[in-house]
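Colleague: Sequences listed follow chains A, B and C, in order.
With my numbering, letter number 189 in the first sequence gets 715, and the count goes up by one each step, no holes.
With my numbering, letter number 83 in the second sequence gets 256, and the count goes up by one each step, no holes.
With my numbering, letter number 274 in the third sequence gets 687, and the count goes up by one each step, no holes.
Simulated from the structure, these hints should not be mistaken for laboratory data.
A few of these clues could be false.
Stated by the list, open to error - Distance condition first, Cα-Cα at most 35 angstroms in a straight line; then the derived DSBU-like pairs of lysine-lysine:
#1 K431/B - K245/B
#2 K718/A - K526/C
#3 K431/B - K718/A
#4 K262/B - K369/B
#5 K262/B - K245/B
#6 K369/B - K431/B
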Amino acid sequence: MIFRRIWDHDLAWSFRRSPVTIVAAVLTLICVGAAALSPWISPQNPFEAAALDLNAAFKPPAWIEGGERAFLLGSDNQGRDILSTIMHGARISLGIGLAAVLFQMVLGVSLGLLSGYVGGRVDAVIMRIADVQLSFPAILIALLIDGVARVALGGERHEEIVIPVLVLSIGFAGWVPFARTVRGSTMVEREKEYVQAARVIGRRPMAIMLAHVLPNVMGPVLVIATIHVATAIITEATLSFLGVGVPATEPSLGTLIRVGNEFLLSGEWWIAVFPGVALVVLVLSVNLLGDWLRDALNPKLR
Amino acid sequence: MILEVENLTVQFPTRRGVLTAVDSISFSIAPGEVLGVVGESGAGKSITGLAVIRLLEPPGRIAGGEVRLEGKRIDNLSHEELRRIRGRKIGVIFQDPLTSLNPLYTIGRQLEETILTHLPLSRAQARERALSLLREVGIPAPEARYRAYPHHFSGGMRQRVVIALALAAEPRLLIADEPTTALDVSIQAQIIQLIKRLAAERGAAVMLITHDMGVIAETAQRVAVMYAGRIAEIGPVRDVIHAPQHPYTVGLMGSIPKIGFQGTRLTQIEGAMPRLNAIPPGCAFNPRCPRRFEPCTRERPELLPAGTSRAACWLHAHTPAPVR
Amino acid sequence: MPILQLQSVSRDFDVSRPWLNRVIEREPRRILRAVDQVSFEVERGETLGLVGESGCGKSTVARLIVGLYRPTEGTIAFTGRRYQMIFQDPYASLNPRWRVREIVGEPLRHLPKPERRERVGEHLVQVGLSRDDAERYPHEFSGGQRQRISIARALAGEPDLLVCDEPTSALDVSVQAQILNLMAALQERLGLTYLFISHNLAVVSLVADRVGVMYFGRIVELAPAADIFTRPRHPYTQMLLDAVPDLGMTGKPRTPVRGEVPNPLAPPSGCAFHPRCPYANERCRVEVPQTLNGVACHAVEEGRI
Numbered sequence: 527m528i529f530r531r532i533w534d535h536d537l538a539w540s541f542r543r544s545p546v547t548i549v550a551a552v553l554t555l556i557c558v559g560a561a562a563l564s565p566w567i568s569p570q571n572p573f574e575a576a577a578l579d580l581n582a583a584f585k586p587p588a589w590i591e592g593g594e595r596a597f598l599l600g601s602d603n604q605g606r607d608i609l610s611t612i613m614h615g616a617r618i619s620l621g622i623g624l625a626a627v628l629f630q631m632v633l634g635v636s637l638g639l640l641s642g643y644v645g646g647r648v649d650a651v652i653m654r655i656a657d658v659q660l661s662f663p664a665i666l667i668a669l670l671i672d673g674v675a676r677v678a679l680g681g682e683r684h685e686e687i688v689i690p691v692l693v694l695s696i697g698f699a700g701w702v703p704f705a706r707t708v709r710g711s712t713m714v715e716r717e718k719e720y721v722q723a724a725r726v727i728g729r730r731p732m733a734i735m736l737a738h739v740l741p742n743v744m745g746p747v748l749v750i751a752t753i754h755v756a757t758a759i760i761t762e763a764t765l766s767f768l769g770v771g772v773p774a775t776e777p778s779l780g781t782l783i784r785v786g787n788e789f790l791l792s793g794e795w796w797i798a799v800f801p802g803v804a805l806v807v808l809v810l811s812v813n814l815l816g817d818w819l820r821d822a823l824n825p826k827l828r
Numbered sequence: 174m175i176l177e178v179e180n181l182t183v184q185f186p187t188r189r190g191v192l193t194a195v196d197s198i199s200f201s202i203a204p205g206e207v208l209g210v211v212g213e214s215g216a217g218k219s220i221t222g223l224a225v226i227r228l229l230e231p232p233g234r235i236a237g238g239e240v241r242l243e244g245k246r247i248d249n250l251s252h253e254e255l256r257r258i259r260g261r262k263i264g265v266i267f268q269d270p271l272t273s274l275n276p277l278y279t280i281g282r283q284l285e286e287t288i289l290t291h292l293p294l295s296r297a298q299a300r301e302r303a304l305s306l307l308r309e310v311g312i313p314a315p316e317a318r319y320r321a322y323p324h325h326f327s328g329g330m331r332q333r334v335v336i337a338l339a340l341a342a343e344p345r346l347l348i349a350d351e352p353t354t355a356l357d358v359s360i361q362a363q364i365i366q367l368i369k370r371l372a373a374e375r376g377a378a379v380m381l382i383t384h385d386m387g388v389i390a391e392t393a394q395r396v397a398v399m400y401a402g403r404i405a406e407i408g409p410v411r412d413v414i415h416a417p418q419h420p421y422t423v424g425l426m427g428s429i430p431k432i433g434f435q436g437t438r439l440t441q442i443e444g445a446m447p448r449l450n451a452i453p454p455g456c457a458f459n460p461r462c463p464r465r466f467e468p469c470t471r472e473r474p475e476l477l478p479a480g481t482s483r484a485a486c487w488l489h490a491h492t493p494a495p496v497r
Numbered sequence: 414m415p416i417l418q419l420q421s422v423s424r425d426f427d428v429s430r431p432w433l434n435r436v437i438e439r440e441p442r443r444i445l446r447a448v449d450q451v452s453f454e455v456e457r458g459e460t461l462g463l464v465g466e467s468g469c470g471k472s473t474v475a476r477l478i479v480g481l482y483r484p485t486e487g488t489i490a491f492t493g494r495r496y497q498m499i500f501q502d503p504y505a506s507l508n509p510r511w512r513v514r515e516i517v518g519e520p521l522r523h524l525p526k527p528e529r530r531e532r533v534g535e536h537l538v539q540v541g542l543s544r545d546d547a548e549r550y551p552h553e554f555s556g557g558q559r560q561r562i563s564i565a566r567a568l569a570g571e572p573d574l575l576v577c578d579e580p581t582s583a584l585d586v587s588v589q590a591q592i593l594n595l596m597a598a599l600q601e602r603l604g605l606t607y608l609f610i611s612h613n614l615a616v617v618s619l620v621a622d623r624v625g626v627m628y629f630g631r632i633v634e635l636a637p638a639a640d641i642f643t644r645p646r647h648p649y650t651q652m653l654l655d656a657v658p659d660l661g662m663t664g665k666p667r668t669p670v671r672g673e674v675p676n677p678l679a680p681p682s683g684c685a686f687h688p689r690c691p692y693a694n695e696r697c698r699v700e701v702p703q704t705l706n707g708v709a710c711h712a713v714e715e716g717r718i
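One chain only, chain A, in its complex shape (with noise of 0.2 angstroms):
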């Protein structure tokens, strides 16, 4: 019956029209099951030092001469298998994107909500500081904020936290756009007379704003978050890329880059090539996503 529901609803049908959209979320299914499910499904693990092996290194992919099936898309410096790597690494920079996006939802729907609500001084100080921060690049924020941290906490201690430092870096940088579509979805609604029925009866602000409002601009949130995941696993590939982001020890994707950098005009391209097309189908489709869900929730459109 449910099924029945879901299959009817608007959004299932723009979703079913759209063959782009079907690749696109097929594809994000792919890769998420894979870096979600890698511990238990990726052929080795490849980051328990013991069961790397060095006389497996620099194995070309499978279907060129001298690769084998153990080794589908070949292996490292160190012998790791590069299938693997990318499903465990695609792990964690969906695990950081995720996160980071979850976080900017929050600080930036609570933000908007509260500037978009209240008015008066608090928007003002709060945009400002919104303003002041959108004229920075994100990279350059979260760079500014990692950079604090490793300073602040020292070379090891920094090391066992660099991932929430990165999510709360990322986090960071992201929030402005939230904030203002909440913000002005906020003073809309709050004109309405539900709102204002409820200030009738009695309600607290907050209550209002978490209970009556809140359920109503969420929408757009949404759309946004799907299309900062994408950025945020960006930022962070970029991150890593640059050397501040994921050590080596339990790479990323843009970390899995680097390293296959140095070997990538030498002859064992693999070991960059298949990370980066990994990050790229990942990114591509996740923002696919992103353009439907935009153009299917807008009511204009429909």
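Knowing the structure of chain A, use the given hints to seat chains B and C on it.
Modeller: Relative to chain A, chains B and C alone:
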């Protein structure tokens, strides 16, 4: 006749099936006459107006019938031919004067453009004509206001400008869709008078679409009452208002509050107008009709003569309805 | 003791341009006086109608009474137990994401769930809907039904005073009749007091016992409904009644209506209506008329009308 509409049907194909918004209606408007088209929301009156000038939003389309302007069919013209007719032969006044005028151009410019598009005049002549139109619609000191932008005007003044625009090329037919609904009552009265006078002077036909029976009473000579995409009753305004022949019109007139009414309760019609995808078979009004009898649920009535009007109601059939 | 009493209530809105613009362009602050020295009383059990055209301040008065705005001047005294409000727009007055039972149950959150459900069901039936409607969402209902839901929500708060801001203006005429009849029946059954705001004189003539006519933020005439519609005293009231389309088609001649409502940021001096008034004299241009016997007009006071 300036406008003749014959068996006009307008449909909207949706993914859940085809919705019929206007179902085979016919009416005509003579020169100098104001025909009121009245109905509640969903009755199809605005759609009828849009269909006549072919401004239906796709996927809406004319699915049947003919529309003739001064004897010539206009429902099957190409877009290019239509473009020449709109403005020149047909003028339109929409409900919201704020969105009917382009906020980026002065009203003088907009008037001139419309005049120049349709009439072979020089720019100076167009300007003269625009000024005289503004005077006619009652804009004080039109030379001074010529360079003003729409937002400089109040609602009532804007609507006067819109009327001037609609009349700029001396159309034969004027379609006014809720022209006074967005205006205050005191301004409404002014605008109604204006439309009436200008149409009479020019011998133009006016199709006045509104939900407000009071406006119709003041402005129109004849009125068509629409219900669920069909015409329920059509006839002289005085007769339809004071001696309605269709049970829906009876109910409608009873629900309208009037100053000086002595009772405490209004007549109320139970239920609501059916949605387009749930129109009952037979007469569309039958589920709500206090005088429903056997043929009403089976067969849709044509407009039958009823006194000086015509009503789509089996009560007025003098020969029994065909039995299946 | 009247259930509601307003004394010299005024409300200003600051519509100045943003601070930066003002400083650069050297503009003064712009204050819009939406409600100007309004005084009236509402007796228990009666329906007081407040009429006027758009921008006259009647909706602002409603919002002042229920506390959505605070008066800039004057006092509002409410001696009843509770008040509730019904709004004009049936589409915006219900939260589209809430179920009907949550909407109608909002004033009842202090009750335990089972009792709340029971009360919600009762109120839905009271307004002509069914108990099953509690599980549905607003978009599944028509405009008239949504207004019924709004009324049910208001009733759930067990008010003595119901402030109704254009409750039927957005509805079709036949639906309006249903809602007006419903409201009249509820008033009888529950002993409610109504403050009924509308721009539609015919509707007000049907529901109100007394009527206040507002123009430009001021009350220009306040009288029993029977008197206002048969013997209007203030020139604006006369003009307003004249402007109502004549459904009876009596062919009554109408005095030509002059001018438009002035810009609220540049109010006329003296009596706000003087630029459009056929009886205006020098005093009208200079002095704001005081309310005497329910009418605020120099010409009436001087016996000129």
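Colleague: With reference to the structure, classify each hint as holding or not holding.
Modeller: Status of the hints after comparison with the structure:
{"no.": "1", "hint": "K431/B - K245/B", "in the structure": "violated (42 angstroms)"}
{"no.": "2", "hint": "K718/A - K526/C", "in the structure": "holds (28 angstroms)"}
{"no.": "3", "hint": "K431/B - K718/A", "in the structure": "holds (31 angstroms)"}
{"no.": "4", "hint": "K262/B - K369/B", "in the structure": "holds (18 angstroms)"}
{"no.": "5", "hint": "K262/B - K245/B", "in the structure": "holds (12 angstroms)"}
{"no.": "6", "hint": "K369/B - K431/B", "in the structure": "holds (23 angstroms)"}
Checked against the numbered hints listed earlier, the structure breaks hint 1 alone; every other hint is satisfied.
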